[in-house]
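Asker: Sequences are here, hints too, so could you generate the full structure?
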Amino acid sequence: MLEVKNLKKSYGSTKVLKGVDLTIENGQVVVVLGPSGVGKTTLMRCINQLETADSGDIVVDGQNLNTIDNPREWHRKVGMVFQNFNLFPHRTALENITEAPIYAYGQDKNEAIARGKKLLAEVGLADKADSYPGELSGGQCQRVAIARSCALEPSVLCFDEPTSALDEASTEQVSKVIRALAKQGMAIMVITHDLPFAQMVGDQVLKMVDGKIQQ
Numbered sequence: 001m002l003e004v005k006n007l008k009k010s011y012g013s014t015k016v017l018k019g020v021d022l023t024i025e026n027g028q029v030v031v032v033l034g035p036s037g038v039g040k041t042t043l044m045r046c047i048n049q050l051e052t053a054d055s056g057d058i059v060v061d062g063q064n065l066n067t068i069d070n071p072r073e074w075h076r077k078v079g080m081v082f083q084n085f086n087l088f089p090h091r092t093a094l095e096n097i098t099e100a101p102i103y104a105y106g107q108d109k110n111e112a113i114a115r116g117k118k119l120l121a122e123v124g125l126a127d128k129a130d131s132y133p134g135e136l137s138g139g140q141c142q143r144v145a146i147a148r149s150c151a152l153e154p155s156v157l158c159f160d161e162p163t164s165a166l167d168e169a170s171t172e173q174v175s176k177v178i179r180a181l182a183k184q185g186m187a188i189m190v191i192t193h194d195l196p197f198a199q200m201v202g203d204q205v206l207k208m209v210d211g212k213i214q215q
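Here the sequence shown stands for residues 1 to 215, where the numbers follow UniProt numbering.
The reader is advised that the hints may include incorrect statements.
Label pairs and their computed distance ranges (CB to CB) [what the hints assert, rightly or not]:
#1 G185 / D130: 28 to 36 angstroms
#2 T67 / G185: 18 to 26 angstroms
#3 N86 / D127: 40 to 48 angstroms
#4 R91 / A165: 16 to 24 angstroms
#5 A169 / F88: 34 to 42 angstroms
Keep in mind that the hints were calculated from the coordinates and are not lab data. No experiment lies behind these values; they were computed from the predicted model shown. Using N, Cα and C, we set each Cβ at its ideal position, and we do this for glycine too.
Answerer: Okay, structure coming up:
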């Protein structure tokens, strides 16, 4: 479960987040909809500790971000799928998934590889384990990125404009993967400006306007 309480963030004199409140239950997909520049990405980056909020609380499964000193501990709880995939071009799909668990978190290599293969199968890419990002379509790269974000078994998974570079067929595939992850019990947040996709994937669709979320 993710709870965001009165979150505020400014850059200099520009107020970007103006007291954001948001709750996402386990097994729920909440979509935050809005055009560029209203604070959606800043909100997500604060939730993932890629930016530091000025004030407010971010709570996952009852634990407040403010009580965690080690970013790695937080990143076990909250995963993020980036708009541009951010895959390592010189690593295979499987290596992209296993790199962080093995080298950043000290996971047993064989266990990490086994889980990586399982995740690829779950996103429909069991036969692409040895393929490099340059050999994959945009939709396939996005699904590898999703599998990578699931490797540490986070409670919360955030998606930043997941369909911005995808065609209609790939968008539908990604939507199915997101819904399947929610059924497994993850709390999922999606930010997008794509209303049809928001309606396709979301249990709840919220609008962000001028630094605040409207119900």
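Asker: Can you tell me whether the CB distance of A169 to F88 sits inside 34 to 42 angstroms?
Answerer: At roughly 26 angstroms between Cβ atoms, F88 and A169 fall outside 34 to 42 angstroms, so the hint is violated.
Asker: Kindly confirm whether 16 to 24 angstroms is satisfied by the beta carbon distance between R91 and A165.
Answerer: holds, 20 angstroms
Asker: That 28 to 36 angstroms hint for G185 and D130 (C-beta), does it hold up?
Answerer: Holds: the Cβ-Cβ distance is about 30 angstroms, inside 28 to 36 angstroms.
Asker: Hint says 18 to 26 angstroms; check whether the CB-CB distance for T67 and G185 agrees.
Answerer: holds, 23 angstroms
Asker: Taking the beta carbons of N86 and D127, is their distance inside 40 to 48 angstroms?
Answerer: Since N86 and D127 have Cβ atoms about 23 angstroms apart, the given range 40 to 48 angstroms is violated.
Checked against the numbered hints given earlier, the structure breaks hints 3 and 5 and satisfies all the rest.
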